[in-house]
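Engineer: Residue numbers (the numbering used here), protein chains in the order written: chain D, 1 to 351; chain L, 352 to 781.
By construction, these hints were calculated from the structure, which means they are not laboratory data.
Any given hint might turn out to be false.
Unchecked claim - In the EDC-like style, the derived pairs of lysine to aspartate or glutamate whose C-alpha atoms are separated by at most 20 Å in a straight line are: (1) K578(L) x D83(D); (2) K622(L) x D511(L); (3) K542(L) x D158(D); (4) K493(L) x D64(D); (5) K489(L) x D88(D); (6) K774(L) x D83(D); (7) K622(L) x D83(D); (8) K774(L) x D88(D); (9) K774(L) x D263(D); (10) K604(L) x D83(D).
Unchecked claim - To spell it out: a stretch of chain D is covered by chain L in this simulated footprint if at least three of its residues, at any positions, have a beta carbon under 8 Å from a beta carbon of chain L; those stretches are: (11) 33 to 39; (12) 145 to 159; (13) 221 to 231; (14) 259 to 265.
None of the values given here were measured: they were computed from a predicted structure.
By construction, the Cβ of each residue, glycine as well, lies at the ideal position given by its N, Cα and C atoms.
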Amino acid sequence: MTATAPVVDRPAKKPKREQRFDEGTGRLAAVLLSPTLVVLALVVLFPIISALRESLFQSGQHLDANGFVVQGSTFVGLQNYADIFRGDTGHRFWNAFYNTTFFTVVCVVLETVLGVAMALIMHKAFRGRGIVRASILVPWAIPTIISALLWKWIFQADGVFNAIIGTQVLWSTDGWQAKLSIVIADTWKTAPFIGLLVLAGLQTIPAEVYEAAKVDGASAWKTFTRITLPLVKPALLVAVLFRILDTLRIFDLPFVLVGPHKDSVETLSMLAYDEAFNVRFGPAAAYATVLFLYVAVVAYMFVKILGADVIGEARAKKPGGGGGGKGWRRKNAVKASPGTSVGAVSMGGGV
Amino acid sequence: MAFVAVAGSLVLLAAACGSGNSGSSSSGGSSTGALDGRGPITFATGKDTSGFLPKQIAAWNSAHPNEKVELKELPESADAQRQQMVQNAQAKSDAFTVLNMDVVWTSEFAANQWITQIPEDKVPDLGKLIPATVETAKYRDKLYGVPITSDGGLLYYRKDLLTKAGVTTPPATWADMLTDCQKVAALPEAKGMSCYAGQFEKYEGLTVNFSEAINSAGGVIVGKDGKPNVNTPEAKAGLEELVNGFKTGAIPKEAITYTEEPSRRAFQDGKLLFLRNWPYVYSLANKTDGSSKVAGKFAVSPLPGKAGPGVSSLGGHDYAISAFAKNKATAVDFINFMASEARQKANLEATSQAPTWQSLYDDPTLGKQFPYLAPLKASILGAQPRPKVVKYGDVTAAIQAAAYGALSGTVAPDKALADLQTKLQSLITN
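Kindly produce the complete structure, drawing on both the sequences and the hints.
Structural biologist: What follows is the structure in structure tokens.
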């Protein structure tokens with residue numbers, strides 16, 4: 001009896017054992033991943049939470065009778081956030097908000113157009129393509145702070161730019177010209193980034209698709225809008241999303257090229273920096289949080305509306321091939337290949 | 352957000368460094384009172400471009416083997432230096448003992464109790480330093496540092512052209528300067544030249560130039576009582592000199608973009624008859640390697656004013672002791688060593704930085720080597736510190752905004768000064 005009992009029990013335990021096996025794997029995975037998670041928590045989660053906490057406090061804003069700053073921080077709730085939107089600071093905030101948005105929209109549109117053009121050029125096979133590719137990528141390889149300095153010299157009163165256009169425009173003074181100088185420098189620097197990602201996308205498009213279009217007698221423009229753009233869309237969307245996120249945080253270019261405290265180019269990051277620089281960490285954290293929310297909302301809307309596949313989630317939906325990413329492209333590629341045969345057929349018909 | 356993350360991790364890092372630095376002796380820590388404890392210390396300073404500072408420190412270290420000074424070089428930009436010192440203080444770290452501070456930081460650092468008060472009897476040579484420089488190291492009449500270098504504005508002028516136009520002495524007032532310009536303008540050599548320029552870009556240099564204009568006309572930005580008083584006829588007269596200069600073209604339009612270096616280049620390229628700048632320009636403009644077109648053709652004098660000599664803004668550096676440092680007794684000795692006449696003389700000879708000892712300006716051999724010393728002494732003796740306020744960063748930003756608006760012609764001088772007064776009152780009262 002004692003010998004048979006386990007035998008009887010065994011079938012009942014079987015599914016449990018499988019579960020335990022899964023649990024074990026899960027636990028092992030958790031153990032193996034835990035160092036990564038701890039590091040992530042330390043370098044990502046902790047600063048975010050600490051910044052959120054910081055944004056609810058104020059410190060060092062009052063002097064005692066001896067002229068010393070009253071030590072310790074006081075909890076002020078949402079006052080730092082409220083202060084951002086009212087009075088003098090409110091005016092400054094909305095100006096910076098407008099500038100940030102303006103730079104993001106204008107720069108990203110220009111960069112996308114130029115970047116796609118650059119990618120198309122780099123994609124073409126011609127003599128000296130290596131040199132062209134390398135030279136297009138040079139601006140992207142230069143650190144922003146260095147390119148900001150370079151452009152500062154180019155745009156200064158006796159600089160190269162004024163010599164070329166033949167009149168003296170004082171680029172770094174407050175006004176539209178300061179905005180324009182930022183747009184030019186930012187576009188110069190980051191259009192190659194979009195070009196690079198789009199080039200990667202272009203190289204995955206099979207040549208037969210273009211051959212078929214040629215056979216069908218499609219114009220260059222039609223080929224571009226009906227084949228190249230749709231097929232390169234996943235890569236392009238990711239590139240544009242990255243640029244949008246980057247430009248929303250723009251700081252070093254206006255700070256160095258035009259200078260701090262200039263109304264026409266002051267951005268939200270510059271406001272946060274300015275507060276932190278004057279040892280008001282609470283308001284600085286509040287500014288940074290507002291900027292963080294703005295960036296998050298824009299990114300979310302971009303992903304939702306345009307279906308950019310940033311983290312590769314579409315890969316999971318491969319069979320359905322519904323939204324964006326590789327699945328989406330495959331579907332099109334499949335669609336396109338019958339087109340090839342149609343082209344072949346029509347060619348045959350023509351003959 | 353990335354910014355906050357970076358700032359957060361920097362603070363963490365600073366804290367880690369601080370606690371990791373196990374002390375060698377005495378209590379130290381956050382006790383701000385006594386200047387006791389001996390042993391190794393650190394000296395935090397901006398990037399030393401001359402290469403001479405390590406030699407000064409080596410001289411101390413060889414004489415004090417048990418109280419060695421370790422050099423901690425911070426970035427070259429003053430803003431970045433201040434930021435690191437503030438972060439160090441926020442983390443209450445003892446990583447920095449002696450701080451090499453810009454003269455305008457004293458009030459903020461003292462009010463926040465980031466630096467230690469130094470009893471005046473601990474600094475034996477204090478009385479031999481130029482009084483205006485000692486003032487920069489004081490907060491509410493208490494000493495928080497020792498001035499090691501100073502700086503004053505100088506008027507660089509084209510001696511060759513003035514002589515040719517029959518002018519023998521440099522101008523003492525703005526009116527004289529404008530008259531001289533008109534005389535020189537008649538010369539064929541003066542074609543395409545402008546009369547005067549300073550530093551009018553929206554940055555700290557604008558605060559300096561604006562303060563000088565207002566002080567030279569008898570006005571103040573922040574009075575002796577610590578209260579802002581900038582909406583006055585005197586201040587208006589000072590500001591209008593600059594505004595009119597831009598309007599009439601005596602100051603070239605592009606001067607609104609000038610910082611120290613572009614204005615120096617303009618003078619060196621022969622575009623300016625008069626230039627307001629710091630002493631460092633002297634040797635560069637006198638270079639005969641072809642970089643300067645005016646080598647040997649210019650001289651310096653104190654700044655001109657409204658009715659007589661002008662008032663310069665004070666530059667320079669003070670050495671202070673971090674409130675959270677250990678071995679403060681050693682720190683005081685080291686500061687006294689660096690402030691001594693011999694060390695300052697050596698520093699002047701090696702780096703041509705302006706000293707704070709009165710006697711060094713009267714040394715005839717030094718005077719021969721550095722011909723600008725005599726006008727520089729006059730400039731520094733009559734100089735005024737920039738506003739001594741706790742929220743200096745906000746105050747200088749407000750001053751720059753008002754001055755920039757007036758100079759670029761978008762705001763009338765009256766309104767700029769009235770707005771500035773209101774803004775300063777809100778910044779300084781609490």
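Engineer: Next step is simple, just say for each hint if it's right about the structure.
Structural biologist: Structure-based check of each hint:
1. K578(L) x D83(D): Given that 20 Å is the threshold and the Cα spacing comes to 26 Å, the pair is violated.
2. K622(L) x D511(L): Within the cut-off at roughly 14 Å; holds.
3. K542(L) x D158(D): holds (17 Å)
4. K493(L) x D64(D): Cα-Cα ~16 Å, so holds.
5. K489(L) x D88(D): Violated, at about 32 Å.
6. K774(L) x D83(D): holds (17 Å)
7. K622(L) x D83(D): violated (47 Å)
8. K774(L) x D88(D): holds (10 Å)
9. K774(L) x D263(D): holds (17 Å)
10. K604(L) x D83(D): Violated. K604(L) to D83(D) sits at ~38 Å, over the 20 Å cutoff.
11. 33 to 39: Not satisfied, violated; 0 residues make the cut.
12. 145 to 159: holds (count 3)
13. 221 to 231: violated (count 0)
14. 259 to 265: Our answer is that it holds, as 4 residues pass the Cβ test (under 8 Å) against chain L, meeting three.
Of the hints listed earlier, those the structure fails to meet are numbers 1, 5, 7, 10, 11, 13, in rising order.
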